[in-house]
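Number of protein chains: 2
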Amino acid sequence: MITVQAPDGAPEVGPGDDLAALVADLFDLADGDVVTVTSKVVSKAEGRVRPGTRDDALPDETRRVVARRGPTTIVRTSHGLTLAAAGIDASNVAPGTVVLLPEDPDASARAIRESLLARTGRNVGVLVTDTAGRAWREGQVDIAIGAAGLRVIVDLAGSVDAHGNELAVTAPAVADELAGAAELAQGKLTARPFALVRGRDDLVLPAGEHGPGAAALVRPDGADLFGYGAREAVVRALRGGEQDRAAFGAPAEPDELVEAIREVLPGATVEAAAGSVVVAGGDVRTLSGLAFAFGWRPVDAVDDAPGGDGLRFRPATP
Amino acid sequence: MITVQAPDGAPEVGPGDDLAALVADLFDLADGDVVTVTSKVVSKAEGRVRPGTRDDALPDETRRVVARRGPTTIVRTSHGLTLAAAGIDASNVAPGTVVLLPEDPDASARAIRESLLARTGRNVGVLVTDTAGRAWREGQVDIAIGAAGLRVIVDLAGSVDAHGNELAVTAPAVADELAGAAELAQGKLTARPFALVRGRDDLVLPAGEHGPGAAALVRPDGADLFGYGAREAVVRALRGGEQDRAAFGAPAEPDELVEAIREVLPGATVEAAAGSVVVAGGDVRTLSGLAFAFGWRPVDAVDDAPGGDGLRFRPATP
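Chains A and H are the protein sequences, given in the same order. Once you know that position 121 of the first sequence is 1409 in my numbering, the rest is easy, because the numbers rise by one and skip nothing. Once you know that position 18 of the second sequence is 1306 in my numbering, the rest is easy, because the numbers rise by one and skip nothing.
There may be inaccurate statements among the hints.
[Stated by the list, open to error] Sample of chain H residues lacking proximity to chain A, with all beta carbon distances greater than 12 Å (derived):
no.: 1; residue: P1303
no.: 2; residue: D1319
no.: 3; residue: R1336
no.: 4; residue: R1338
no.: 5; residue: E1402
no.: 6; residue: L1405
no.: 7; residue: A1420
no.: 8; residue: A1504
no.: 9; residue: A1511
no.: 10; residue: L1578
no.: 11; residue: P1594
no.: 12; residue: G1595
[To be verified] So the derived list for chain H, only partly shown, Cβ under 7 Å to chain A, looks like this:
no.: 13; residue: I1290
no.: 14; residue: V1429
no.: 15; residue: L1444
no.: 16; residue: L1472
no.: 17; residue: K1476
no.: 18; residue: R1507
no.: 19; residue: D1509
no.: 20; residue: F1514
no.: 21; residue: A1521
no.: 22; residue: A1525
no.: 23; residue: R1573
Please keep in mind that the hints were generated in silico from the structure rather than gathered at the bench. Quick reminder that beta carbons are idealized off the backbone N, C-alpha and C, glycines included.
Model the full structure from these sequences, guided by the hints.
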């Protein structure tokens, strides 16, 4: 049995407030509990509130733009989170100001956990939660952007189910599911920034051991397949420019590039050999755009390609 | 307070089994409860098991390929779900067979809900859950792929927080958060396909009213910004072909296309006028690829463009 509580009655939080003291007042903690705190109150306590609009604050909070359409700008933040408007929030804050995400939410979670241990003697896990959209689904869910003392992913690779099948790639992101469960008890309109989830003490690490943090839930830039929105990917690839390359990921296998070139330029002659791909026919700009997206670059002209004069491509490894 | 229970002891499910009977045996249901059932047991009860591997079954379960890298193929299914390997599952099933997703998970949820009402007299919400990866985050979470009798998204647009700010775009996808909460109680290795979530009876609709189903959580094809992986987007745009156009979305505003062309081809002369965009300079293939991604197409040559002979583009609205 899992229980989730999010009581009313938390006071308005301001700079310097001791969140652990508020949590300790609200809940009768037990070892193995998971305490969730919204990023908003963490930010308020840490003074991450500034005057102005979300648009004013966006450039400083953006590491790179992932996609843009109409009024929506989806960016990757300094934390590696991919969020609309960099997670800058204009709700539940004084009008005319916005709340930025905590600078280091894992550190925020660790500080709260340490303070709760000192204050109550209880060993709990702590999550800092935020609200995030999803690429392909309507609505938002709460996710864990900071974590301390918690296994955030349960890696079942190598485990065997009751039928003897190996669970090859199953790795429940339990910290995100805990954040979502907390949101169900909190709602968005009432002042319930704290929640307590009880019943998964198997996920809570020993006192003093903080674990990998929510940073472990962030897929590294270039390791995902969706580093750019579909339109932005086309613009970036056709424009070129080294600073845009990383989000397309590590260089593809030669076969993958060959297949892409054949699909786009059926009239070209393409050959992979000795870590390079040689193409005859097909215009240079189209070829270069394709190669860019696959992490390759043109390196030299060759005059002995099977289809006539050609261009040689190699992986763009730094 | 929200509680989540997922008892051990559910029997192995086979074709034709009555899932509502199993649920009614496991739980002492109350009005307003939410019952979750994994898609796997729904599929088993509906006979959606077939011999072979995931790769064998994939083509029939794929509406279109979204992204591919190495052994990973992410597709959009007939349900509109974007899932690795179309959600085909080789775990918790007899070796040598795979489980396909239910054909119509919302209908499956409705049937279970109706049967639970008839059997127990209780008005509950029912979710069919599945495990899904995320574009930018490690690990998987459970989501709702079928729903009956439940508000799946709580649309707070127009609501006002305690500070008087309007919550413009906040719409918690509560059905997905409920699915994730259920997973926390179920785990992946034990036979706990059913869970009961109590404490959000405000989300459960009156008996006989099934609501929009989990289909309402699917962002329509072309309405998301990530209809293709970054590499696939470049290949699709440079290849052209009408069947690939929809996933890039509705035609962009003229200004958005103009900005993209200026970014990629700084030497071109670009002008938007009367619902068309005229470009002089820049090679046709690059321009056409860009226009494709933005939902536009070349329509005719013009000889009076400001920068010399040019090409006119118009939105590719059917």
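Least C-beta distance between L1578/H and chain A, which was stated to exceed 12 Å: violated (6 Å)
Taking C-beta pairs only, is R1336/H more than 12 Å away from all of chain A? Check passes; 17 Å lies beyond 12 Å.
Are all C-beta atoms of chain A more than 12 Å from that of P1303/H? At roughly 17 Å from the nearest Cβ of chain A, P1303/H sits farther out than 12 Å, so the non-interface label holds.
Under 7 Å, Cβ to Cβ, is where D1509/H needs to be relative to chain A, so tell me if that hint holds or is violated. Result: violated, 9 Å to nearest chain A Cβ.
Is the claim that A1504/H lies outside the interface with chain A correct, judged by CB distances over 12 Å? violated (7 Å)
May I ask you to check that R1338/H keeps its beta-carbon over 12 Å from the closest beta-carbon of chain A? holds (15 Å)
Hold the hint about R1507/H up to the distance rule: shortest CB distance to chain A must be less than 7 Å. Since the shortest Cβ distance to chain A is 5 Å, the answer is holds.
According to the definition I'm using, a residue is off the interface if its beta carbon is farther than 12 Å from all beta carbons of the partner; does G1595/H meet that for chain A? holds (18 Å)
Just checking, D1319/H versus chain A, shortest CB gap more than 12 Å? holds (18 Å)
Can we keep the L1472/H interface hint, with Cβ of chain A closer than 7 Å? holds (5 Å)
Verify this label for me: E1402/H is non-interface relative to chain A, using a Cβ-Cβ cutoff of 12 Å. holds (25 Å)
Can I1290/H be said to touch chain A, with a Cβ gap under 7 Å? holds (4 Å)
The structure is inconsistent with the numbered hints 7, 8, 9, 10 and 19, although it conforms to all the rest.
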